[in-house]
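Q: Heads up: the sequence lines are chains A and B, in that order. Residue 317 in our numbering sits at position 272 of the first sequence, and the numbers go up by one each step. Residue 96 in our numbering sits at position 51 of the second sequence, and the numbers go up by one each step.
Keep in mind that the hints were calculated from the coordinates and are not lab data. Heads up, a few of these hints could be off.
Same chains, same names: a pair is fine if it fits in one copy or spans any two.
Keeping only pairs whose Cα atoms sit at most 25 Å apart, straight-line, the calculated PhoX-like set for lysine-lysine is [said to hold, decoys possible]:
hint, residue 1, residue 2
1, K273, K366
2, K237, K280
3, K366, K347
4, K347, K317
5, K269, K58
6, K269, K237
7, K269, K402
8, K273, K402
9, K87, K366
10, K119, K429
11, K237, K306
12, K87, K306
13, K269, K202
14, K347, K269
15, K119, K314
16, K119, K306
17, K402, K366
18, K402, K306
19, K366, K119
20, K119, K269
21, K402, K280
22, K317, K366
23, K429, K87
Number of protein chains: 2
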Amino acid sequence: MINVSIVGAGQTKFGRHTEYDLRELFALAANDAIAEAGITTKGVQAIFVGNLSADLFNRQCHIAPLVADFAGMKGVAATRCEAACASSATALRAAILALESGLYDVVIAGGVEKMTDLPTAGVVETLAMAADQTFEAGAGLTFPGIFAVMAVAHMQKFGTTREQLAAVAVKNHHNAMSNPLAQFQQEITVDKVLSSRMVAWPLGLFDCSPISDGAAAVVLVRTKDARKYTDAPVKIIGSAQASGSMNLCDRENLHTLLAAKQASAEAYKQAKLDAKDIDFAEVHDCFTIAEIIATEDLGFFKPGEGGPAVEQGRTQVGAEKPINTSGGLKAKGHPVGATGVAQVIELYHQLRNEAGKRQVSNADIGLTHNVGGTGATCCIHICKRW
Amino acid sequence: MINVSIVGAGQTKFGRHTEYDLRELFALAANDAIAEAGITTKGVQAIFVGNLSADLFNRQCHIAPLVADFAGMKGVAATRCEAACASSATALRAAILALESGLYDVVIAGGVEKMTDLPTAGVVETLAMAADQTFEAGAGLTFPGIFAVMAVAHMQKFGTTREQLAAVAVKNHHNAMSNPLAQFQQEITVDKVLSSRMVAWPLGLFDCSPISDGAAAVVLVRTKDARKYTDAPVKIIGSAQASGSMNLCDRENLHTLLAAKQASAEAYKQAKLDAKDIDFAEVHDCFTIAEIIATEDLGFFKPGEGGPAVEQGRTQVGAEKPINTSGGLKAKGHPVGATGVAQVIELYHQLRNEAGKRQVSNADIGLTHNVGGTGATCCIHICKRW
């Protein structure tokens with residue numbers, strides 16, 4: 046049983062930020078979250094910051110005390126958590142454990158990444174290091190290549206089509222149109238996705254999430270204290286994390302992520318509910334195929350039904366299981382270290398009826414699915430309306 | 046109040062390992078710790094791994110699930126914690142919070158670094174990224190340079206001498222002679238330190254800790270369960286973490302680390318004791334001046350007395366306050382991500398009377414002081430004999 050609530054949230058716009066550096070991006074998000082929680086920086090006792098690799102993107106290690114200080118929280122316990130693209134979900138989970146321990150009362154979980162300081166080739170090379178350097182990245186396999194392999198496996202096993210993959214991108218771009226913090230504000234069509242420049246067959250440019258800068262942060266307290274801070278806290282009722290093999294060659298199959306299945310089973314158990322009880326979800330659509338696999342791993346659809354489901358519109362806002370109402374990684378953007386917390390922030394806004402045109406009606410329970418690397422880490426969080 | 050105990054520990058020899066890579070080093074340490082705890086890998090529910098920058102040292106991000114899998118623990122929640130040279134102390138602390146939360150019962154905290162894959166200049170450049178890239182490293186200030194500035198400030202304020210700095214190195218090399226896992230097994234003299242190649246005045250080569258490979262891991266459980274695993278667990282009765290400014294120019298002075306003072310005050314309070322109650326300590330002697338500053342920040346000696354104290358032999362094994370009985374970072378070696386947990390392992394062996402010739406007699410309470418960067422992070426842990 047998890048007894049932690051979100052009482053404030055802040056997120057920068059995702060995209061290319063030439064005007065802010067890493068510490069400034071984090072401070073913008075953290076200070077918004079702090080203000081929304083009705084506290085000051087003095088009220089924060091610890092921060093956990095997700096970041097994939099400021100080391101390689103910005104030539105800066107040890108970012109947690111750096112961003113804490115710049116955001117006005119010098120002195121607090123400041124820890125960076127890293128699990129590739131699931132970094133800030135592991136930071137969120139560490140923050141939850143910290144609150145559950147009773148040693149802290151008010152904690153910030155956040156994440157930040159400033160990727161655009163490197164040229165695209167450098168970003169691709171850096172991200173590849175989140176796969177197995179010895180068996181994959183060192184042999185030339187990059188992330189689009191790895192997910193292309195998974196896509197081919199899914200197509201072969203279930204008959205999934207490129208049009209179904211494209212439907213993920215089309216939906217998520219549509220959702221992003223009503224998210225002012227999303228990187229892309231542009232409708233696209235299936236034809237546009239299919240005719241986009243090929244990256245790694247069957248994944249074209251529009252099957253891939255973009256390179257982004259951005260930060261996200263939430264203020265967390267124990268649920269029993271939450272109403273002291275806001276009239277509309279959002280409860281976290283499930284938090285689970287699992288790992289899997291880094292390299293594809295050690296896996297039982299290529300069309301599912303075992304860590305996602307394991308973590309979601311644990312989170313459902315904690316929250317005492319099942320896949321059918323989830324009203325909407327933010328899932329890790331780093332590539333279009335990843336969203337289809339996620340909706341199957343999470344039990345929303347049977348294996349092989351994820352592709353048809355998105356093509357039939359069953360995951361749109363207003364349909365039976367809205368997925369990535371924020372625009373997802375694909376269209377909201379994917380500053381990798383910030384993504385996990387940003388997913389939870391979408392739940393927070395939906396569960397407070399603050400999601401504007403993309404609001405899911407009668408949203409009561411939402412889930413986030415944040416994947417590190419190609420599935421070696423998966424974190425699941427489940428949130429509930431107060 | 047902290048209620049966590051160590052029930053198993055494992056550490057590789059520190060030094061240059063050409064025969065093992067990162068994952069192999071960690072597996073050696075973790076599997077020794079697991080065996081000592083009398084469990085199997087199946088009994089471990091989560092691991093927290095400290096690592097400064099496999100990104101830059103080994104072109105590998107996302108190391109936690111990688112090392113977990115290779116050590117036989119695929120599936121467990123696996124999180125990397127990074128706070129520069131205090132990375133594994135923050136991993137230890139995250140593991141303690143995880144146990145205190147009640148969500149896990151058996152957790153591994155460890156750390157690993159494989160630094161010698163890079164040439165020395167690359168290591169120095171990488172470590173410099175743990176200082177402020179914008180205001181320090183980017184301007185050419187490296188770690189020896191930063192600690193040299195602190196040493197000069199300490200000399201100016203208190204009259205600390207180069208001979209006193211050298212006494213730290215001489216003592217720690219002596220202690221390492223009876224630690225088979227230490228990198229250096231060689232007595233040195235004050236003259237040898239003073240005549241060693243100058244790195245950044247007043248710090249010569251023998252004032253600096255070496256470049257090292259190595260790993261360390263401990264198995265942790267709640268104290269009430271500890272006797273199920275071993276007849277001689279070691280209790281952790283204090284765990285505190287604080288942050289300070291990354292760059293020197295934002296500090297009140299250069300001869301003390303505020304984060305160390307803050308974290309030690311908090312840890313003493315948790316453990317309901319004071320500096321005088323600490324029988325021995327492992328402190329962060331990345332440079333000789335750092336040990337002197339540490340013994341003052343921790344309250345073992347008054348400001349300015351740290352230099353005379355070491356010169357007078359007051360910190361030797363057998364004297365009033367043995368410091369760095371393991372050989373310290375200076376002579377045991379400093380594979381940065383492994384150091385924090387390795388410090389605690391020295392406490393574990395001392396408190397179980399397993400320290401051989403370097404055994405502190407009647408050791409009842411020990412303390413570790415692990416610093417990240419130039420003091421932007423400090424973690425303190427206090428351990429007690431069962």
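Q: Are the hints correct? Go through all of them and say.
A: Going down the list of hints, with the structure as the test:
1. K273 x K366: neither (33 Å within a copy, 47 Å between copies)
2. K237 x K280: neither (40 Å within a copy, 62 Å between copies)
3. K366 x K347: For K366 and K347, the Cα distance is within 25 Å only inside one copy (13 Å; across copies 65 Å).
4. K347 x K317: Within one copy, since 21 Å is at most 25 Å while 56 Å is not.
5. K269 x K58: Answer is neither; intra-copy 32 Å and inter-copy 48 Å both fail.
6. K269 x K237: So K269 and K237 fail the 25 Å test inside a copy (49 Å) and across (62 Å) alike.
7. K269 x K402: Intra 32 Å, inter 53 Å, cutoff 25 Å: neither.
8. K273 x K402: neither (30 Å within a copy, 57 Å between copies)
9. K87 x K366: Answer is neither: 40 Å inside a copy and 36 Å across each miss the 25 Å cutoff.
10. K119 x K429: neither (32 Å within a copy, 30 Å between copies)
11. K237 x K306: neither (33 Å within a copy, 60 Å between copies)
12. K87 x K306: between (40 Å within a copy, 19 Å between copies)
13. K269 x K202: For K269 and K202, neither the intra-copy (48 Å) nor the inter-copy (50 Å) Cα distance is at most 25 Å.
14. K347 x K269: neither (37 Å within a copy, 44 Å between copies)
15. K119 x K314: For K119 and K314, only the inter-copy Cα distance (21 Å) is at most 25 Å; the intra-copy one is 38 Å.
16. K119 x K306: The answer is between: 14 Å across copies meets 25 Å, while 39 Å in one copy does not.
17. K402 x K366: within (16 Å within a copy, 66 Å between copies)
18. K402 x K306: neither (31 Å within a copy, 51 Å between copies)
19. K366 x K119: neither (43 Å within a copy, 31 Å between copies)
20. K119 x K269: Cα proximity of K119 and K269: none, with 27 Å in one copy and 35 Å across.
21. K402 x K280: Within one copy only: 23 Å inside a chain, 55 Å across chains, cut-off 25 Å.
22. K317 x K366: within (19 Å within a copy, 53 Å between copies)
23. K429 x K87: Intra 28 Å, inter 33 Å, cutoff 25 Å: neither.
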